[in-house]
Each structure stands twice: as structure tokens, then as C-alpha cells.
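Visitor: Those protein sequences? They're chains A and B, same order as listed.
So in the working numbering the end of the first sequence lands on 357, straight run, no missing numbers.
So in the working numbering the end of the second sequence lands on 357, straight run, no missing numbers.
One should not assume that every hint holds.
For chains that are exact copies, the list does not tell them apart, and a pair is met inside one copy or across any two.
[To be verified] Computed cross-link-like contacts, EDC-like style, restricted to lysine to aspartate or glutamate with a CA-CA straight-line distance of at most 20 Å:
(1) Lys49 / Glu16
(2) Lys94 / Asp130
(3) Lys183 / Glu203
(4) Lys293 / Glu71
(5) Lys329 / Glu353
(6) Lys189 / Glu341
(7) Lys189 / Asp201
(8) Lys344 / Asp50
(9) Lys330 / Asp297
(10) Lys313 / Asp81
(11) Lys307 / Glu203
(12) Lys298 / Glu267
(13) Lys272 / Asp81
It should be emphasised that the hints constitute simulated quantities derived from the structure, not laboratory data.
Number of protein chains: 2
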Amino acid sequence: MFTPEYLREFTIRVFEKMSCPTDDAITIADVFIRAELRNLPSHGMIRIKDYYQLWKTVRINTNPDIKVVHETPGTAVVDADGAIGMVGATRSMKIAIEKAKNTGTGWVATRNSNHLGIGSYYAMMALEHDMIGISMTNANPLVAPANSVSRLLGTNPITVAVPAGQQPAFIADFSTTPIARGKLAVAAKKGEKVPFGFVQDNEGNPSDDPDILTQGGAMLPLGGDLQHGSHKGYALGAIVDILSGVLPGANFGPFIPPNLAFMPMPEVQVGKGMGHFFGALRIDGFMKAEEFKERMDKWITTFRNAKPIKGKKVLIPGDLEREAEERIKKEGISVLPAIVEDLKEVAGKLGLEFKEA
Amino acid sequence: MFTPEYLREFTIRVFEKMSCPTDDAITIADVFIRAELRNLPSHGMIRIKDYYQLWKTVRINTNPDIKVVHETPGTAVVDADGAIGMVGATRSMKIAIEKAKNTGTGWVATRNSNHLGIGSYYAMMALEHDMIGISMTNANPLVAPANSVSRLLGTNPITVAVPAGQQPAFIADFSTTPIARGKLAVAAKKGEKVPFGFVQDNEGNPSDDPDILTQGGAMLPLGGDLQHGSHKGYALGAIVDILSGVLPGANFGPFIPPNLAFMPMPEVQVGKGMGHFFGALRIDGFMKAEEFKERMDKWITTFRNAKPIKGKKVLIPGDLEREAEERIKKEGISVLPAIVEDLKEVAGKLGLEFKEA
Numbered sequence: 001m002f003t004p005e006y007l008r009e010f011t012i013r014v015f016e017k018m019s020c021p022t023d024d025a026i027t028i029a030d031v032f033i034r035a036e037l038r039n040l041p042s043h044g045m046i047r048i049k050d051y052y053q054l055w056k057t058v059r060i061n062t063n064p065d066i067k068v069v070h071e072t073p074g075t076a077v078v079d080a081d082g083a084i085g086m087v088g089a090t091r092s093m094k095i096a097i098e099k100a101k102n103t104g105t106g107w108v109a110t111r112n113s114n115h116l117g118i119g120s121y122y123a124m125m126a127l128e129h130d131m132i133g134i135s136m137t138n139a140n141p142l143v144a145p146a147n148s149v150s151r152l153l154g155t156n157p158i159t160v161a162v163p164a165g166q167q168p169a170f171i172a173d174f175s176t177t178p179i180a181r182g183k184l185a186v187a188a189k190k191g192e193k194v195p196f197g198f199v200q201d202n203e204g205n206p207s208d209d210p211d212i213l214t215q216g217g218a219m220l221p222l223g224g225d226l227q228h229g230s231h232k233g234y235a236l237g238a239i240v241d242i243l244s245g246v247l248p249g250a251n252f253g254p255f256i257p258p259n260l261a262f263m264p265m266p267e268v269q270v271g272k273g274m275g276h277f278f279g280a281l282r283i284d285g286f287m288k289a290e291e292f293k294e295r296m297d298k299w300i301t302t303f304r305n306a307k308p309i310k311g312k313k314v315l316i317p318g319d320l321e322r323e324a325e326e327r328i329k330k331e332g333i334s335v336l337p338a339i340v341e342d343l344k345e346v347a348g349k350l351g352l353e354f355k356e357a
Numbered sequence: 001m002f003t004p005e006y007l008r009e010f011t012i013r014v015f016e017k018m019s020c021p022t023d024d025a026i027t028i029a030d031v032f033i034r035a036e037l038r039n040l041p042s043h044g045m046i047r048i049k050d051y052y053q054l055w056k057t058v059r060i061n062t063n064p065d066i067k068v069v070h071e072t073p074g075t076a077v078v079d080a081d082g083a084i085g086m087v088g089a090t091r092s093m094k095i096a097i098e099k100a101k102n103t104g105t106g107w108v109a110t111r112n113s114n115h116l117g118i119g120s121y122y123a124m125m126a127l128e129h130d131m132i133g134i135s136m137t138n139a140n141p142l143v144a145p146a147n148s149v150s151r152l153l154g155t156n157p158i159t160v161a162v163p164a165g166q167q168p169a170f171i172a173d174f175s176t177t178p179i180a181r182g183k184l185a186v187a188a189k190k191g192e193k194v195p196f197g198f199v200q201d202n203e204g205n206p207s208d209d210p211d212i213l214t215q216g217g218a219m220l221p222l223g224g225d226l227q228h229g230s231h232k233g234y235a236l237g238a239i240v241d242i243l244s245g246v247l248p249g250a251n252f253g254p255f256i257p258p259n260l261a262f263m264p265m266p267e268v269q270v271g272k273g274m275g276h277f278f279g280a281l282r283i284d285g286f287m288k289a290e291e292f293k294e295r296m297d298k299w300i301t302t303f304r305n306a307k308p309i310k311g312k313k314v315l316i317p318g319d320l321e322r323e324a325e326e327r328i329k330k331e332g333i334s335v336l337p338a339i340v341e342d343l344k345e346v347a348g349k350l351g352l353e354f355k356e357a
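Isolated chain A (complex conformation) (with noise of 0.2 Å):
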């Protein structure tokens, strides 16, 4: 076990090795702390040792001229130069929440970016604005869409957060395919197999090979198959892709770049990087905050008190990560040996040192 407190200063002396402003590497740790609290440690420590290579193959810049290439009073576009995802990511939201403040509703598209870590971390920073906050972002393409065996989308989650009074906010944050990706990689390495309607072989058949990807196979759209509603959770990923990559003048699709170093870049690009895409509205936009957290409470306390299935819980999005933090930052934060061991590994190359807990 490890505390927060150690991780994050330890990630904080990572990313300034790495030349990273201090204010950046800040940024950075907070978003992986606050994966590893709310329990999404595929978010969280494992990708350091990603973020390590990619800057000694120069695929990230860490001292990156982040800039509004383009603006209306409501809008923006932020060209991140390359930098690493959280911190294009944060700039963006706060500039979606400070057009909010004038316009009602602020909405930021970000091209020129990398992975972004937890999406909800920028989606919950409109809360303390009153502000409901949006993220969306595109990702590398290992989805096909329905009916073809093409891996053209990423799992392109989507998170909106909405404040509530006494109850706790609610925040959806989730991947428009059944499972992400993470889930298909812990399957393989257990040598399970996984449900049919997660992934599809090199022909579009039916598998439960979590394996499958590195045969030529797909990840499915949320829905499953097509009976299921599959071409919807194509259309919300396609929605994803348009609304981050498209729009700013990001690569969409199959056009993404890999976030792995060992994986080579694409030979035609159709813009610059990773696309994301942030919204914050201002709830008294529509109407009195107060008012509406009192309703926001009303249809918390209705959904929490819905009849369950019998020995089920009925929860509101976002209930189970707040449980996990309210519970690792009392235990601390538990991280796999494999990943001590590369965290270990990064901190040696730059001339630090990961003590073990």
C-alpha cells in the first residue's frame, strides 16, 4: 500500500525529470491519483512508464505552447502542441468554464493532444462552478463499426457531471463499447475466456477470444451485436470521434495515433494528434442553481430508491468510484508488483528513486 501523498509527489518529481513544468507535472499527478482513488488504476500508475517512452521517442512534447488557435464568445479550439493529454485537457476545461460564465455554456474542442487519463477528473472541475461539465475523447481505433470488420473507433468514453445538493453529484463516465479494453487484457492474461458480444474475429464472426485483437479481430460498439442495438453504440462513439477529432482538426479514426511507443505512427495523418472535446454549462443558464440541485436530489433519492432486483443495488452513476475513494484514501493505494517494478525501472533512468511501501 501506498500513500496518495507518496505516489503523487513521486509522479510530480517524474514528470519534472522529464522536463515538465512543475505546474504541469502537478496536473499530471492529480489526474493519476485521482484514477488510482477512484479505483481505475488502468487510468492511474501503469502509464507512467507509457508517458516515459513516448518522450524518449519525442511523441510528446513537455514544454508544449498551448494555444487558442480559434474562439466565438461560447467556443474554442486549443491546439495542445503535442503535450501530454491531462494538461491540454485541464487548459481546455478551464477555458470551457470561463466562456460558461460569460455565455451560459462554454465548449472547447482540443486537437494536437494525448491520452487524457480519467475523463471524468475534467468533467467533474465544472461542479464547484455550479456548471455541469462534459468530456469526450477519441482513442486509438480498435472498435469496427457495425457490420464491417474495420477497426476504425476507439472506445471514445464519454463523462458528464452534474451537480446535486445534499446528495452526491452525479457522474456518468463511460467507454461506448460493452467493456473497455482493460478488461479484454486481464481475460488473456488469465487465460479466460470472455462473453460473446464484447469482440469479434478477423471475419466479424462471434468470439470469446479475449486475445482476439492481436489476430486481427475488433472490439464491438456498446449494444453488442446488431440485434442488440449495436449500430447505436456506433453512432455514439462516431458521435465522439467527430465531436474531438473532426471538429478541431485532430486525426479521427483510423488516422489516431498510437499512445504506445512500440506502436508506429500512421503514415497519413488528417490533422494533428489526439482530439478532445469539453462542455461546461452554467446551471443558472436554465435556472436557479439552488432550485435545481433541489431537483437534482429528487431524482437522485427516486433512481437510489428504485425497487431492486432481488440481492441487487440500484446505483447512480458515479457511486461506486466515490465508495472507492472514500475507502483508498483511508487504506492507500494498492499497485501491482509489475508496475512497482516499472515504476522502479522509470525512476532509476531519470535518476530517482520508487521506494517500495
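Following the hints, position chain B against chain A.
Guide: Frame of chain A; chain B shown alone:
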């Protein structure tokens, strides 16, 4: 077969007889005919009898005083004063478009409204202004949250319309459930079973009975079961309900008034009528419209040229409805005999005539 012109004229006369101003009657007829042309007859002529009955029971207001009750430069809440859905929705989307002209985007949440027909009609209004159009609505509660047996959400559809250049526009229009409710009704009438993953019984067990809703069962959110991500479909439907219902001061969740006259009004109301949410994003708030449209053409052709599963065709959202529209415009609109009888009945009661084709 009927010509679109005949059905449009008839529909205008029907709503004029229900004392709608002619402009409103034209709007309503245009949305109905568009639904028929786009091969979405469940939202077309079949609804005329429902609206007639809602009018007879004074559950809709055919002379509404539609007002903006709150606004900022980029946002507004519209009170539709109990209007027929199409009337308040069209007015609301126009306001969103006007606001987008000034601030880059416009967002309108609408309360005190009713069933609005096809959401694509409103989202597509943005296209001619070189804007992305968004439309959402909450709906009669038939869908159970993940892990619950309570029917708390509607099929809560989302529509996003994105302009392109040489290619036809991208029009995603989908409910946040595996299937629309109409498909259950059709299967039930035919005495057929439905695949598992669409509905559950009153204890939350998987069911293949399309008539299960009449026995306390519920529809399932997109994803179907928890393993395949029904918590994501639940989150998506919840987002639509919050933006469409909580935000404008409309009803939400189980409090939504039914749009069928024979169903009693809920005893408790938490707001006014049904709610919608509309958005318009000016493309040139982000980049030059011409450049964006070229990029959308590239996106569309990339996805349309994806390798299909053998014997299948890869579609762009909106392809099927656009192809239907071209065909039905030529061939005419087919109306089921039972609906023809309904239309004759309504016509008779209003002192009109509906002529068989």
C-alpha cells in the same frame, strides 16, 4: 399509397379543426410527413388519433402561449404551455439556432411540452445554417435502471445532425434502449418471441415475451444486461432525462405524464409536462465551415469504405432513412389499413373526410 401532399393537407386540416393556428398545424404536419418519408411510421400518421384523444381530454393545449422564461446569451428555458410537442420543439430549436449565431452555440431546455415525434426533424434544422444540431427528449417511463425492476426512464432518444460537403449529412437518431417500444408491440401482435436482452419480467429475470410490459415487466437500457454494459445505457438515458427533464423544470423519471389519453396522469408532478433539450453548434465557432465539411466528407467516406462483414453493408448513421426518403417520395406513403380506419374515424368526428387512396 398516398401522396405526401395529400396526407400533409389532411393533417393540417385535422389540427386546424382542433383549433391549432394554421402555422402550427403546418409544423405538426411537416414533422408527421417527414417521419413517414424517413420510414419511421411509428412517429407518423398513427399518432393523429392519440393527439385527437389528448385534445378531447384537454391534455394538450392547441393555442399555447410559448415563452422564454429564463435566458443568457447562449441558453434559454422555454415553457411550451402544454403545446403539441412539435410546436414547442420547433420554436425551441429556432431559438437555439439564433443564439448560436451570436455566441457560437445555443442551448434550449423545454418544459411543459408533449411527445415531439422524430427528433431528427429538429436536429436537422441546424444543417442549413452550417451548424451541428442536437435534440433529446424524455419519454414515458418504461425502462428499468440496471439492477432494478422499477420503470423509471423512457426510451429517451438522442439525435445529432452533422453537416458534410459532397456527402449527405451524418444523422444519428437513436433511443437509449436496444430497440424502440414499437418493435415490441409488433412482435406481440404477431405472437412472436423477442431475443433476450430487450425486456425483463417483474422480478428482473430475462424474458423473451414482447408483451411483458403489460405484466409489470420493463424494457432494458442499451447494452441489454449488466455484463454487456446496460449500466452505460442506463447512464445515457439518465443524462437525457436530466438535461430534458430536471434542467428545464419539466417532469422527469416516473413523474412524466403519459402521452396516451387512456393512461391516467401521475398523482405527483415534479415539474411541468414533458421536457426536451436542444443544441446548435456553429461550425465556424471551431473552424471554417468549408474545411470542416471536407473533413466530414473524409470521415464519411473512410467509414463507408470500411471492409464489410461478408454479405453486409457498412452504413453511415442516417443512410437508411435518407434512402427511404428518396424512395418513398417517389413511390408514395403506405398507411396500414387499421390506421386508415383511425384516420377516417377522427376525420368523421371533426367533420372532415379521409379518402382512401
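Visitor: If a hint holds in the structure, say so; if it doesn't, say that too.
Guide: Hints and how they fare:
Proximity of Lys49 to Glu16 under the C-alpha cut-off of 20 Å is restricted to the intra-copy arrangement: shortest distance 14 Å within a copy versus 69 Å between copies. For a Cα distance limit of 20 Å, the shortest separation of Lys94 from Asp130 inside one copy, 14 Å, qualifies, whereas the shortest one across copies, 27 Å, does not. Neither within a single protomer nor between protomers do Lys183 and Glu203 lie at most 20 Å apart by alpha-carbon distance, with minima of 22 Å and 29 Å respectively. In this assembly of identical chains, the alpha carbons of Lys293 and Glu71 lie at most 20 Å apart only when taken from different copies (18 Å versus 31 Å within one copy).
In this assembly of identical chains, Lys329 and Glu353 lie within 20 Å of each other by CA distance neither inside one copy nor across copies; the values are 23 Å within and 72 Å between. Taking identical chains as interchangeable, the C-alpha atoms of Lys189 and Glu341 lie at most 20 Å apart only when both belong to the same chain, with a minimum of 18 Å there against 62 Å between chains. Proximity of Lys189 to Asp201 under the C-alpha cut-off of 20 Å is restricted to the intra-copy arrangement: shortest distance 19 Å within a copy versus 37 Å between copies. Proximity of Lys344 to Asp50 under the C-alpha cut-off of 20 Å is restricted to the intra-copy arrangement: shortest distance 14 Å within a copy versus 68 Å between copies.
Taking the shortest Cα distances, Lys330 and Asp297 never come within 20 Å of each other, neither inside one copy (27 Å) nor across copies (52 Å). Taking the shortest alpha-carbon separations for Lys313 and Asp81, neither the intra-copy value of 45 Å nor the inter-copy value of 38 Å comes in at or below 20 Å. Proximity of Lys307 to Glu203 under the C-alpha cut-off of 20 Å is restricted to the inter-copy arrangement: shortest distance 10 Å between copies versus 42 Å within a copy. In this homomeric assembly, Lys298 and Glu267 come within 20 Å of each other (Cα to Cα) only across copies, at 16 Å, whereas the closest approach inside a single copy is 52 Å.
For the homomeric pair Lys272 and Asp81, the shortest alpha-carbon distance inside one copy (9 Å) is at most 20 Å, but the shortest distance between copies (47 Å) is not.
When each numbered hint is compared with the structure, violations occur for hints 3, 5, 9 and 10.
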